[in-house]
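Guided by the hints, dock chain B onto chain A, whose structure is given.
Quick note, the sequences are listed as chains A and B, same order. Per numbering that gives the first Met the number 0, residue 0 is the first one in the first sequence, and the count goes up by one each step. Per numbering that gives the first Met the number 0, residue 0 is the first one in the second sequence, and the count goes up by one each step.
Some clues are possibly wrong.
[To be verified] Computed beta-carbon distance windows for the label pairs:
| # | chain 1 | residue 1 | chain 2 | residue 2 | range |
| --- | --- | --- | --- | --- | --- |
| 1 | B | Thr155 | A | Glu139 | 49 to 57 Å |
| 2 | B | Ala5 | A | Thr260 | 45 to 53 Å |
| 3 | A | Gln74 | B | Gly193 | 25 to 33 Å |
| 4 | B | Gly193 | A | Thr180 | 53 to 61 Å |
| 5 | B | Gly266 | A | Asn92 | 29 to 37 Å |
| 6 | A | Lys198 | B | Ala165 | 27 to 35 Å |
| 7 | B | Arg178 | A | Gln74 | 51 to 59 Å |
| 8 | B | Thr418 | A | Val4 | 32 to 40 Å |
Hints were generated in silico from the structure; no laboratory data involved. Virtual Cβ for every residue (Gly too), placed ideally from N, Cα, C.
There are 2 protein chains.
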Amino acid sequence: MSKIVAVETTDVRFPTSVSLDGSDAMNPDPDYSAAYVRIVLDTGESGYGFVFTIGRGNDVQVAAVDALAPHLVGQDAEALLADMGATWSSLVNDSQLRWLGPEKGVMHMAIGAVVNALWDLKAKRAELPLWLLLARMTPEELVSLVDFRYLGNALTEAEALDVLRAAEPGRADREAALRATGYPAYTTTPGWLGYSDDKLARLCREAVEDGFPQIKLKVGADVEDDIRRLRIAREVCGPEYPIAIDANQRWEVPQAIAWITALAPYGPAWVEEPTSPDDILGHAEIAAAVAPIPIAGGEHAHSRVMFKQLLQARGIEVVQIDAVRVAGVNENIATLLLAAKFGARVCPHAGGVGLCEAVQHLSMFDFVAVSGTREGRMIEYVDHLHEHFVAPADVRGGTYRAPMTPGNGMEMRPGSIETYRWRGAHVYA
Amino acid sequence: MSKIVAVETTDVRFPTSVSLDGSDAMNPDPDYSAAYVRIVLDTGESGYGFVFTIGRGNDVQVAAVDALAPHLVGQDAEALLADMGATWSSLVNDSQLRWLGPEKGVMHMAIGAVVNALWDLKAKRAELPLWLLLARMTPEELVSLVDFRYLGNALTEAEALDVLRAAEPGRADREAALRATGYPAYTTTPGWLGYSDDKLARLCREAVEDGFPQIKLKVGADVEDDIRRLRIAREVCGPEYPIAIDANQRWEVPQAIAWITALAPYGPAWVEEPTSPDDILGHAEIAAAVAPIPIAGGEHAHSRVMFKQLLQARGIEVVQIDAVRVAGVNENIATLLLAAKFGARVCPHAGGVGLCEAVQHLSMFDFVAVSGTREGRMIEYVDHLHEHFVAPADVRGGTYRAPMTPGNGMEMRPGSIETYRWRGAHVYA
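Here chain A stands alone, though its shape is the one from the complex (with noise of 0.2 Å):
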């Protein structure tokens, strides 16, 4: 037996908002922040989780992580890494907590930190980056860590199980070709909208030289804008270049559907975030108008249920899965088995602070266990605060190589830590 001994949590702030780094057309100065969380076991052995957030509030975030606490303090870890399962439904599950919610917002969020925090204890024990422990574990026990509840009517644990069993042969071919040729990633460097065009144009250049298969530019804001920012990167990348867009849930659905019509000549290889991340029904009917360009989405949507509707609503096509939106690994792997079921394609949510290292272990491990195939799949990748991690992201050639460091990538350096820890301002700044 050991036993949990303490639930440290840190408010840790980046001023990303000085550069414009990050800013879109909803979040125009965003604070890259992490309530930070570390699990401590009575043996010294540390687990590592945390939530993303833009700043402001992430001190809510932190006391949500906290109220799970008790949860945890006095636990045998053995018991709660055995069944991971059971101790995700327990602290989703936990009534009076779920109120907050339901699933969904602050208090899921904090319940997602705490779950990667135990996961990343149970891999670094394993001594196996998280996408290798949960790519060697059977179909059944894989089905064991899913919540089925209010899924029935769409992915039931049987057909959860067909598709994993579909994927068990070629799975070691599968692990060996991601160790030896990793997985692709898209750049969203060049596209943001504080960027000048000068400097657009040159961001957009490098990604290409630099062997990215995709760019991403953020839109929504003004439509002339887009069209010019869009014609500067079609020129710059050429006429066959993928370049998807971004409008970070700008615009109400007509709107939506008249302003994709306009940017429709410059090819779109998706478009992001059309409206309302709640907005289901909405999703169906810009993605039925401007069909065939792909909709994208999911970095908002807050829990598997929602995942569900946007795919059997054909709502989106691209899903955009977030390591820390939802209530953690056992919620995304849902997630990934729903979007198999539909035969979507998985392209997660990344960028933010620690994103690109956590989400890069759900991917690979889809690969290997889940969808078996990388066609049409990438992991988007921005270049910024990756140094502040234990295991930063390995990105080369536009490709993401497989992380062998045993954990779930979400240990950020002491250091960073210290230095970025918020203490009412960003006196660092």
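Frame of chain A; chain B shown alone:
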């Protein structure tokens, strides 16, 4: 000019789990709680609001309200109260805080508490109960309170104006009717799952004798129990008496259809929350399968965007707004307008602590100035914890009497706050 000098928050918890008041299939042991907020002006005036929770995590909700204090302290109250549409928008569209939802969960409810407290101030300054303050605003003033973002494909500002203008004739008559005869109430008091059959029968009898036009029973834990309890209620209340049932999100979609079919012989007046409150397509599937039994929902619908879709998809026919789940009065006005546009009945969720006191204002405003009717509408009523409010809901003969105390009804008695202020344990139990 009068300045906001403080935003005071208090963690208040009542030990309701001891008596199983409020127990249902999802929430077996709630401790009804409030993250209570008082906005204090330099004039000595105060405005009150709260978020209702069911115990653990109430401290997280308090932290979220605290995170809003910098938006308010030092501000000119006149300016904020003069344009409550702009005030609402400045809180909801703080892009950094919005990330924590967006527009859902802990942060969104915290904004609701603050918005409601500002409305309390505004109503007290006008020396009017909130319902009457709203019911005397012009259609133009009312639409200025509503954020139509994401509603464009279901309700435009022009359509909302049409709804409100159509209800202008007769406002005075309906106001007089309300003051004379009140607004219908139904009671959930008999129906909690924790009660014995004898207690159920006795409370059903008392509800009918007390003049309530409808009761509601909790269901969803065990189908045989539900059949027995519904049969008892039907025997006591008579064959024509409306008995609604509430599953509190307990079922899968196919299970809901089967379960409701099994209970159909007992003639449920409506079936509430049959599955996940986020499952719009699931609600639509259930509603179509069990028609003409009405589906009710909304107490956990986290924003106007969810209500929009539940109505668009014909997922609910009874709209159960809650005073404190969304971002306050303004967002509830959006939902009232949507319901009027779609011709749906609004029957608010109440009970908990203070929800009756708060939500009655919205139904009464709706009757006078939006839908123009009480036909088929009623407000939930549960007869506990009213003694803690300065102006308790006055329900007699199955009717809410129109409150005439200035304000929004959310102000608690100082003695109750002091007694039930959370001290880390139920020390008063």
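Results for each hint:
1. Separation of Thr155(B) from Glu139(A) is about 52 Å and conforms to the stated range, judged on CB atoms against 49 to 57 Å.
2. At about 51 Å, the beta-carbon gap between Ala5(B) and Thr260(A) stays in the expected band of 45 to 53 Å.
3. Gln74(A) and Gly193(B) have their C-beta atoms about 29 Å apart, which keeps the hinted 25 to 33 Å range intact.
4. Between Gly193(B) and Thr180(A) the Cβ separation comes to about 59 Å, which falls inside the hinted range of 53 to 61 Å.
5. Checked against the hint of 29 to 37 Å, the pair Gly266(B) and Asn92(A) passes, with Cβ atoms roughly 32 Å apart.
6. The beta-carbon spacing between Lys198(A) and Ala165(B), approximately 53 Å, falls outside the hinted interval of 27 to 35 Å.
7. Arg178(B) and Gln74(A) have their C-beta atoms about 57 Å apart, which keeps the hinted 51 to 59 Å range intact.
8. Between Thr418(B) and Val4(A) the Cβ separation comes to about 35 Å, which falls inside the hinted range of 32 to 40 Å.
Hint violations for this structure: number 6 only, all remaining hints satisfied.
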